[in-house]
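Participant: With the sequences and hints as input, model every part of the structure.
All residue numbers for the sequence shown refer to numbering that gives the first Met the number 0, where the first residue is 0 and numbers rise by one.
Derived from the structure by calculation, the hints contain no laboratory data.
Just so it is clear, the structure is predicted and the values come from calculations on it, not from any experiment.
Note that beta-carbon positions come from the ideal geometry of N, C-alpha and C, so glycine has one too.
Treat each hint with caution, since some may be false.
Restraint-style ranges between C-beta atoms, simulated for each label pair [said to hold, decoys possible]:
no.: 1; residue 1: V95; residue 2: T124; range: 30 to 40 Å
no.: 2; residue 1: G91; residue 2: G55; range: 50 to 60 Å
no.: 3; residue 1: N92; residue 2: R248; range: 50 to 60 Å
no.: 4; residue 1: L44; residue 2: R248; range: 14 to 24 Å
no.: 5; residue 1: T161; residue 2: K127; range: 49 to 59 Å
no.: 6; residue 1: T124; residue 2: Y214; range: 15 to 25 Å
20 Å max Cα-Cα, derived DMTMM-like pairs, lysine to aspartate or glutamate [what the hints assert, rightly or not]:
no.: 7; residue 1: K127; residue 2: D225
no.: 8; residue 1: K173; residue 2: E88
no.: 9; residue 1: K178; residue 2: E153
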Amino acid sequence: MNKKLSQQIAFSIFRIFGILVVLILMSILGFIIYNGIQVVNWEFLSTYPEEGMTSGGIFPAIVGTFYLIIGSMLFAFPLGVMSAIYTNEYAGNGWVVNFIRMMTNNLASIPSIVFGLFGMSLFVTQLKFGDSILAGSLTLGLLALPLIIRTTEEALKAVPDTYRTGSLALGATKLQTIKRVVLPSALPNILTGLILSIGRVSGETAPILFTVAAYFLPQLPSSIFDQAMALPYHLYVLATSGTDIEAARPMAYGTAFVLIVIVLIMNLTASFLRRKLEKQ
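Facilitator: Here's what the structure looks like:
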């Protein structure tokens, strides 16, 4: 009886904390949606900021955000997946792998502003990319790399070893086994890492502050060596250092709402692809 009562109490506590987390999340989303949806319309999404960014739209910031997300994933996703394949499929369990994993975990714990300073020193100054989409994308890619490596490793570990041994027994090479058996089986879980990394880089302000973000641009970037506006930095400027913070506050809520919607759409798309792959 005591064990049953203790179990019920424990489950009740877990349920309360679970409901509390959901309520906190819904409160935050509800606050942003309530204040942001009032200013979101086609003009807001398709025009440039005007009058000291107290009116107009956020179109260049939306475009710049997509450029940075795509650029960072083009760099981080292949490199992260290949690194995870090496550590899980080729390197074994020696000190080299343990060292790589330790460094990956340490890299994941570094504050994002440190990535921004490193990106400014390496990509902007040393490699002379300047404040550009290329420098910002590479910096955000480094930020997302540890997460992609760790989630891909876990996805590869989840593939049963019988798949590998069966493929090798049928005469397939190690590379063919990885390409045709292991990766297709792990791909749904690998996409989880992609979803999480997209969600992280899309909302980072510190790395792009030093490498790419512009306060205001009257035109869209024409190459990867141009500066760009981005939603996180645009939101930061509107909320903290605009020409008229109170007048720009509705635009700040609208920007936050659009950023959340973009991340949600990307997550739903990736989740749809994941479920489709799982069924296949």
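Participant: Each hint: holds or not?
Facilitator: Hint check results:
no. : hint                    : in the structure
1   : V95 / T124: 30 to 40 Å  : 32 Å, holds
2   : G91 / G55: 50 to 60 Å   : 57 Å, holds
3   : N92 / R248: 50 to 60 Å  : 54 Å, holds
4   : L44 / R248: 14 to 24 Å  : 18 Å, holds
5   : T161 / K127: 49 to 59 Å : 51 Å, holds
6   : T124 / Y214: 15 to 25 Å : 20 Å, holds
7   : K127 / D225             : 12 Å, holds
8   : K173 / E88              : 9 Å, holds
9   : K178 / E153             : 17 Å, holds
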